[in-house]
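Numbering (the working numbering), first residue to last: 28 to 303.
In case anyone wonders, no lab produced these hints; they're calculated from the structure. If you're wondering where the values come from, they're calculated on a predicted model, not measured in any experiment. Wrong hints could be hidden among the right ones.
To be verified - DEER-style ranges, computed between Cβ atoms:
1) Arg85 / Ala218: 47 to 57 angstroms
2) Asp217 / Gly111: 17 to 27 angstroms
3) Gly291 / Gly169: 44 to 54 angstroms
4) Val132 / Glu204: 33 to 43 angstroms
5) Asp217 / Asp133: 45 to 55 angstroms
6) Ser130 / Pro165: 15 to 25 angstroms
7) Gly154 / Ala176: 39 to 49 angstroms
Virtual Cβ for every residue (Gly too), placed ideally from N, Cα, C.
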Amino acid sequence: MTVERADGAPAAVSVPAPARAVSVPAPARAPAGEGRNRDVPRHVACVMDGNGRWATRRSLPRTSGHRAAETTAIDVIETARTSGVKWLSLYAFSTENWQRPSSEVDFLMHLVRRVVRKHAPLLHARGIRCRFLGVADPRIPGPLAQDFADLMTLTRTNRGMTLTVAFDHGGRQDIVEAARSLIRSGVSADAVDEQRFAAHLPFSDTPDVDLVIRTSGEQRISNFMLWQVAYAEWIFPPVLWPDFRASHFVECLHAYQQRNRRFGGVTPHANGELHP
28 MTVERADGAP AAVSVPAPAR AVSVPAPARA PAGEGRNRDV PRHVACVMDG
78 NGRWATRRSL PRTSGHRAAE TTAIDVIETA RTSGVKWLSL YAFSTENWQR
128 PSSEVDFLMH LVRRVVRKHA PLLHARGIRC RFLGVADPRI PGPLAQDFAD
178 LMTLTRTNRG MTLTVAFDHG GRQDIVEAAR SLIRSGVSAD AVDEQRFAAH
228 LPFSDTPDVD LVIRTSGEQR ISNFMLWQVA YAEWIFPPVL WPDFRASHFV
278 ECLHAYQQRN RRFGGVTPHA NGELHP
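All chains should be modelled from the sequences, with the hints used to inform the complete structure.
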């Protein structure tokens, strides 16, 4: 893969200020010291929603929204890395997105290839390991699939952060493929448990998602990493993805840290009692 860059060293990423302040609603805070999660989420996933609406509001073609999304993606990747997030997953193209007009799909294929080639040096220099979840449909252009493979090879030994781009991804399809893999491996029905099933999912070393951020205010899962988001916290900022910036991402991290993650259990009260 030929990498496009202006010089021999990747340029630093600048994080522009958001066009307007966006308040991310946070749940009511627990009393000090009670059940508050102060840790940075290990795995954050983003549903990058709102590109088309961003363009429509500006009387621009939908493709302009997709093009504007590039800056946001780079901002979020860099902010996640510097914030201490170890795993970041971005939902770029779903199995259902093939239903969009062919002209838009073709544009996305060319855009994603340009973005991958342009930013490969920066991602590698930052120590980011890159993966692509999905990429099984034969309609994906061969050169783009090759660029995906080349970037994964280039960054496979990096350990700074793992970036997973879900492209041609569907959560249900992943679960179906894991079931098929179990059957082919001859595992008996009684031997199947959650741990063994998860081992047959793609990139089985990926930890469960702690926080999902879906921009634009829409509140749907959209077939995204269904197994991995089972106990994730969700935040739905109203800002459209092309306007989402580092400060918004940090707000979401702070909101997550106020959540009381009980995983179906109970939290000890300060006086020793339990509350739901």
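Hints and how they fare:
{"no.": "1", "hint": "Arg85 / Ala218: 47 to 57 angstroms", "verdict": "holds (56 angstroms)"}
{"no.": "2", "hint": "Asp217 / Gly111: 17 to 27 angstroms", "verdict": "violated (41 angstroms)"}
{"no.": "3", "hint": "Gly291 / Gly169: 44 to 54 angstroms", "verdict": "holds (46 angstroms)"}
{"no.": "4", "hint": "Val132 / Glu204: 33 to 43 angstroms", "verdict": "violated (23 angstroms)"}
{"no.": "5", "hint": "Asp217 / Asp133: 45 to 55 angstroms", "verdict": "holds (48 angstroms)"}
{"no.": "6", "hint": "Ser130 / Pro165: 15 to 25 angstroms", "verdict": "holds (20 angstroms)"}
{"no.": "7", "hint": "Gly154 / Ala176: 39 to 49 angstroms", "verdict": "violated (20 angstroms)"}
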